[in-house]
Amino acid sequence: MRRRTSVPPVLPQELRKVSSLERGLEILRCFTASEQILGVNAIAGRLSIPRPSALRLLATLCEARYLARVGMSEQYRIHSEAILLGQAFLSGSTLVRRARPVLQAFVDRFQSHTVLCVPRPEGMLTLLYLHSKAVRAKPRMGPGSIFAPENTAVGHAWLWTEGPEVQSEFLARLRRAEGEGGDRGGVAELFQSFHDLERNGVCTVQDRRRGTSMSAASIDVNDGSRAIVASILNLGDQAATSVAYRLGLRDAAENVADVLLRHQQLSRNE
Amino acid sequence: MNRNSNLERGHSGSSRTTRSGEEDVAKDGSEVRVLARGLAVVRAFRPRNAALTNSELSALVGLPRSTISRITAMLLQLGYLEYQIEQARYRLSASVLTLGFSSIVTSYARQLAQEHMHRFAEANDLLIVLAVRDGVVMACQSVFRGRGALTIRMEEGSRIALPHGAMGRAWLASLAPKPREALWQEVQKVYPGGMSRNEFEDALRQYSRRGFCAAVSKLEPDLLGIATTLQLPGELEMCVLGCAVPAFRYRQGSSQEELGRKLVGLRDAITQALAVIDPPKED
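Chains C and Y, in that order, give the protein sequences.
Quick note: the first sequence uses my numbering, first residue 1, plus one each step.
Quick note: the second sequence uses my numbering, first residue 1, plus one each step.
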């Protein structure tokens, strides 16, 4: 029997003000791999809230074990509940579970660093990070880390799948940034990526400052959404410019989509 | 302290020191109550992000359905929940990974520990796991396997009841006597008969004498588990390092002892490496 279709719930206008729930979650977002410990004043400053309000929210987050105080100081760090919450999402993610073996095979073949990302308002959010045992892990890269969509292959591959409205808005932002003295060549690089994605299904963007080259391809997740797989090699690595590597990445993306489709069909049949 | 106390009383004791007066107290109460309730709602999706309706959430969290509806609508608007229209159910969205998760799992300490684990799994042809405790289960966070361990059914996200394997026993044994006894009582309630008192005391003896626990899996008797604890810098709770091998390869007590010593050696190597090396700067 077909279930009744429900309309997604919409929050009444009067409740759309900033709530303590939003602020509390904003506090958790302040903690990143590069900022593992934060003081109450820094948190209050970032959220533009009075110190007493910050203290009350922090106390609630500590009581629920999302945060813990560092000794008797006014500094805080992430506690176990935040880890278990992220773990719950990853454990229940079919995309992560099905993509892992496919991407591991790619990583082992080309000895690269590979990430699986999904678009979020704050940037490209990493769900999965794999690296070959022949290379050391990239510092602070892993589930939860975010790539800026500008000037990265992972961002370009995402934008390529978006409609003209989103693309135009992004392009305008990039042009504004160039006009304000930002990274020149960003727009040309984006068009080159679109051209490569159109022709080969893979784009590559070099990061000369970090000495790396990132290639990316888009994955059709079969539920109307897209994920992006991106692989990172050092600029000196010969594989980074090889056709086999780029085709390998495109094939890995297609294989993940196939595996997801088969899983969906099996689930429906059951 | 009862974790859900803010759901009911709506204030946090420690916050009272900064303000006074009835109006302030009332405001404080409602301010933290919304947050406490929201945290309780997201917690209900653990451990595997099951899709839940508002009614199911209401039963799980113990709040009226109307309150739950407001909270889920808010979490949906903020992007932390997804809504499945066909089933009228909610699930956690990928955005929950931005709530501090990366500050721990992408830490240099974890990455370095994982590199050691990866090499250990290959060198010893076994499966190795880094797990954290979640209530009365051990939740596997990182899993590496050597070629001989391809058939062992354990992956990132797997959950093993505390009494059912070596990892839970090592965790129990590492605790101070009072919290250990309290957790043991809790385990007995949730898994009656899961671990006898004799097995519990044997785990304590093993851990204090050798620094690790060895146990044949209660669910898969052809699997032998060996586990020890690992304190990673920057993390408040102890992790457990556990390895699993086909039991037939380690029938002899001496070979179990040897593997246990290797695992403790791995733990010490990770601890030493973290003590002497400065984390690399970001690229």
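In case anyone wonders, no lab produced these hints; they're calculated from the structure.
In this text the structure is predicted, and so the values were computed from the model without any measurement.
We put the beta carbon where it would ideally sit given N, CA and C, even for glycine.
There may be inaccurate statements among the hints.
To be verified - Here are some chain C residues the structure puts well away from chain Y; computed CB gaps all over 12 Å: (1) Arg23; (2) Glu165; (3) Leu171.
Unchecked claim - Residues from chain C that face chain Y, not an exhaustive set, calculated with beta carbons under 8 Å: (4) Gln36; (5) Val40; (6) Leu85; (7) Phe89; (8) Arg120; (9) Leu125; (10) Pro139; (11) Gly142; (12) Pro143; (13) Leu174; (14) Phe191; (15) Arg226.
Notebook entry, point to check: Can we keep the Pro143 of chain C interface hint, with Cβ of chain Y closer than 8 Å?
Noted result: 6 Å, holds
Notebook entry, point to check: Does the CB of Arg120 of chain C sit less than 8 Å away from some CB of chain Y?
Noted result: At about 6 Å, which falls below the 8 Å cut-off, the nearest Cβ of chain Y leaves the hint on Arg120 of chain C intact, so it holds.
Check: Is it correct that the beta-carbon of Glu165 of chain C has no partner in chain Y closer than or equal to 12 Å?
Finding: Answer for Glu165 of chain C: holds, closest chain Y Cβ roughly 20 Å.
Note to self: Restraint: Phe89 of chain C near chain Y, CB-CB cut 8 Å. Satisfied or not?
What the structure shows: This interface hint holds because 5 Å falls under the 8 Å limit.
Item checked: Reported absence of Leu171 of chain C from the contact zone with chain Y (all CB gaps over 12 Å) -> 24 Å, holds
Checklist line | Interface hint compliance - Leu85 of chain C to chain Y, C-beta minimum distance less than 8 Å | finding: 5 Å, holds
Next item on the list: Hold the hint about Val40 of chain C up to the distance rule: shortest CB distance to chain Y must be less than 8 Å.
Entry: Hint violated; Val40 of chain C Cβ to chain Y Cβ min 11 Å, cut 8 Å.
Check: Does the no-contact call for Arg23 of chain C survive, Cβ to all of chain Y over 12 Å?
Finding: Violated, because the least Cβ-Cβ distance between Arg23 of chain C and chain Y comes to about 8 Å, which does not exceed 12 Å.
Check: For the hint on Gly142 of chain C, does the least C-beta distance to chain Y fall short of 8 Å?
Finding: Gly142 of chain C check passes; min Cβ-Cβ to chain Y is 4 Å, inside 8 Å.
Margin query: Restraint: Leu174 of chain C near chain Y, CB-CB cut 8 Å. Satisfied or not?
Written below: Nearest chain Y Cβ about 22 Å off; hint violated.
Check: Does the interface hint hold: is Phe191 of chain C within less than 8 Å of chain Y, judged Cβ to Cβ?
Finding: 26 Å, violated
Check: At a threshold of 8 Å, is the proposed contact between Pro139 of chain C and chain Y supported by beta-carbon distances?
Finding: Cβ of Pro139 of chain C sits 5 Å from chain Y, so the hint holds.
Consistency note: the structure conflicts with the earlier hints numbered 1, 5, 13, 14 and 15.
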